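Let the hints inform the model, and build the full structure from the sequences given.
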Amino acid sequence: MARVAVVNLDHVAVMVKDLDRSLAFYHDLLGLEFVTSEEHNDGPISTMTAMPGVRMREYRLRPARGVHGHTRVDGPGLTVDLIQWIAPESPQARYPINHVPSSHICFGVESVPEMYQVLLDAGVEVVSPPVTFDGEGEWHVLFLYDPDGNLIELNEIGTGTQHAHEPKTHPWSRY
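First residue of the sequence shown? That's 1 in our numbering, and the numbers climb one at a time after it.
Derived by calculation from the structure, the hints in this document are not laboratory data. Just so it is clear, the structure is predicted and the values come from calculations on it, not from any experiment. Accuracy of the hints is not assured; some may be wrong.
[To be verified] Taking CB as the label site, the calculated pair distances span:
#1 VAL12 to PRO88: 37 to 43 Å
#2 ARG55 to GLU114: 25 to 31 Å
#3 GLY149 to GLU33: 19 to 25 Å
#4 ARG3 to SER128: 18 to 24 Å
#5 SER103 to MET48: 16 to 22 Å
#6 ILE97 to GLY137: 32 to 38 Å
#7 SER111 to SER46: 40 to 46 Å
#8 ARG55 to PHE34: 37 to 43 Å
#9 GLY31 to ARG3: 36 to 42 Å
[What the hints assert, rightly or not] Straight-line distance between alpha carbons at most 20 Å, and here's what the computed EDC-like set of lysine to aspartate or glutamate pairs gives:
#10 LYS17 to ASP146
#11 LYS17 to GLU58
#12 LYS17 to GLU125
#13 LYS17 to ASP28
#14 LYS17 to ASP148
#15 LYS17 to GLU38
#16 LYS17 to GLU39
#17 LYS17 to GLU89
#18 LYS17 to ASP81
Each residue gets a CB set at the ideal place from its N, CA and C atoms; glycine is no exception.
Structure (structure tokens):
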């Protein structure tokens, strides 16, 4: 067992090519709440990234409200940080869902089917129509891409059900 441990999940950084276009997607379309914006120029950010002359812009967002599954998402806590690198400019790559490295962000929504229609109306690229899983209750899942090709999962959990992503015993739990 580690002597020190991770105590919370602070933020998820999402690299984007056009910060304002991404703000329209994450804020206006998905409904995340705007928290703050920042610009970073050289100094500590260059030291932290080991990249001299860094310039970047950042918008910090958070889920708008409520409780999803077993995680409280209002108030302080996890944020989504949209980051546009001005210098050095970011190359753009898009990986298949099963590619390593590749990751996705999962947001809980009130209604996956309703959000699916909103996304279609807005011309968003979705991987497939919503899928319904049955287990200890029913939940709906949808994968889509943001304007930069970042993979996003949306899920909706039926009332009184166990969340599909609750911790389980994993082979690496011995560490």
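Hints and how they fare:
| no. | hint | verdict |
| --- | --- | --- |
| 1 | VAL12 to PRO88: 37 to 43 Å | violated, 22 Å |
| 2 | ARG55 to GLU114: 25 to 31 Å | violated, 39 Å |
| 3 | GLY149 to GLU33: 19 to 25 Å | holds, 24 Å |
| 4 | ARG3 to SER128: 18 to 24 Å | violated, 44 Å |
| 5 | SER103 to MET48: 16 to 22 Å | holds, 21 Å |
| 6 | ILE97 to GLY137: 32 to 38 Å | violated, 25 Å |
| 7 | SER111 to SER46: 40 to 46 Å | holds, 44 Å |
| 8 | ARG55 to PHE34: 37 to 43 Å | violated, 22 Å |
| 9 | GLY31 to ARG3: 36 to 42 Å | holds, 40 Å |
| 10 | LYS17 to ASP146 | holds, 11 Å |
| 11 | LYS17 to GLU58 | holds, 11 Å |
| 12 | LYS17 to GLU125 | holds, 17 Å |
| 13 | LYS17 to ASP28 | holds, 18 Å |
| 14 | LYS17 to ASP148 | holds, 7 Å |
| 15 | LYS17 to GLU38 | holds, 16 Å |
| 16 | LYS17 to GLU39 | holds, 15 Å |
| 17 | LYS17 to GLU89 | holds, 9 Å |
| 18 | LYS17 to ASP81 | holds, 13 Å |
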